[in-house]
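Take the sequences, apply the hints, and build the full model.
2 protein chains.
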Amino acid sequence: MKLTILGCYAATPRTFTNPTSQLIEIKNRLFLIDCGEGTQVQLRKNKIKFSKINHIFISHLHGDHFYGLIGLISTFSLLNRNNDLVIYGPKGIKEIILLQLRLSNSWPNFGLHFHELTSNQSELIFEDDKVMVKTIPLKHRVYTNGFLFEEKIAERKLNVDAVNEYQIEKCYFQNIKNGKDILLDDGTLISNEKLTFDPEKPKSYAFCSDTIYNEAIIPIIENADVLYHESTFLESEASLATKTMHSTAIEAATIAKKAQVGKLVLGHYSTRYDAISLFKEEAETIFPNVLLADDGKSFDL
Amino acid sequence: MKLTILGCYAATPRTFTNPTSQLIEIKNRLFLIDCGEGTQVQLRKNKIKFSKINHIFISHLHGDHFYGLIGLISTFSLLNRNNDLVIYGPKGIKEIILLQLRLSNSWPNFGLHFHELTSNQSELIFEDDKVMVKTIPLKHRVYTNGFLFEEKIAERKLNVDAVNEYQIEKCYFQNIKNGKDILLDDGTLISNEKLTFDPEKPKSYAFCSDTIYNEAIIPIIENADVLYHESTFLESEASLATKTMHSTAIEAATIAKKAQVGKLVLGHYSTRYDAISLFKEEAETIFPNVLLADDGKSFDL
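One line per chain: the protein sequences are A and B, in this order. Per the UniProt record's numbering, the very first residue in the first sequence carries number 1; after that it's consecutive. Per the UniProt record's numbering, the very first residue in the second sequence carries number 1; after that it's consecutive.
Zero decoy hints are in this set.
For identical chains, the list gives no copy identity; a pair is met inside one copy or between any two copies.
Okay, derived cross-link-like pairs now, BS3-like style, lysine-lysine, Cα gap no bigger than 30 angstroms in a straight line:
id, residue 1, residue 2
1, K203, K157
2, K49, K243
3, K45, K297
4, K297, K47
Hints are computed from structural coordinates only; laboratory data are not their basis.
Structural data, given as structure tokens:
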């Protein structure tokens, strides 16, 4: 599981900071989360192959989270993309994109699909054989969702020595990996645990931005391996955080602690502060395992 | 008159090149022309005061000419702008911007006005005491206008020695600068040319992008001091230029020559070429006074 931060600063793109966008690579699938202005340039700078992005998740319709989407779609078109593209985001995103494509008379030559979100409950919005994505309803000034990316429980691992010892034929291997016991020709039942090892624990990544401090998300993100939680402000601006429906570093750490996640990644920093290390310092007073997002930074998780 | 190129490359923003946007400063007024994705960052890099921009002219609704507009408007809002902002552009631009502002629930706290264009004839769209702006109907794949920025003819310059010699009172000076003759108390008529010098020749700047080679624009831009004309392609891609309704460097130079402009600025380069100097080389075979636009470059004209 690899997380690449394309942008993690609040409000507006600036000379050296970019608004929110990140890539989570999980089981060889690449998901783009949010798409602030300039995201396509950040993708180029980070040498991401555009054609590998087939699913884009937009948390909410504030500009610093989606103004780069129409440009990215247009560039996909200019690059003669073939793959379908699916956009997941709040109701309204389809109208915004289609209006602009219509007025510029430049309809994409690939399938462009929209999965618009309106629910205030967590729901499964993507699933294939290896990965699931669920929404995390957040509380912000407009309708907002975080996203929980979860690996599915993998197959059990074949104990090669054991299957050889019992002389089990290859055609049964998939059943064994699926957890089945095996009945030998002589009538002996060999339990699955004798033939397999436990699979790797499935990993999960929770993206939560933008949001006010909200304990309602804890049951959804509980035990996630990695939580990205916005921390727009430091404790000195706690009242501003409440007023603008953002979080402080300490609030992000409190959610991480209560949800017993493995690691907390902080981001969505206000540019008013001199150093982002201040966010880590404050968060670590509550939760030990804190990482700082920064534009262009990758985390192998 | 000062021209600042914020971006002058075709199609998509890239790591080191920006889509179209430029500033023309004329008689202390600052006009933004086109606003591709990333324009607000280019404005910051070039240390332009955001509050000085009150009029934005959008040539057409292809993404590389306006996808940065919604982000710039949002940033104006975040910066607590007070001045009114007027957007001039093709019909549809108002719907695009207002839809996004409505869905993000972030209405600007300044006056935001739209002047939508639909005419296929050149028309006066802006005028104050010193400057006029007219449209230049262009031929492209969608409805497109260039813009002609013209200084108004300035007042005549007072000949201080002459007015002193005739002992003319101060209260007549404005009439004299406006070109009036003066009747002295003794009945002598003093012709204006004895009391004034010619004013400076008013300057003009014509922006033409995107467009196929189109001689119909010549009467509108004739004798302009400076013409920016798109040159997306070199002669080797002349047929591609025709097909995509763009121009070559030689076509831009031919328009410059026929319109007898002072200087030609080339831009809107396709990124397929190794060096933009090739555009200048080709254009100079037709027209001598060629300048190359480049991102971040300023011209004192």
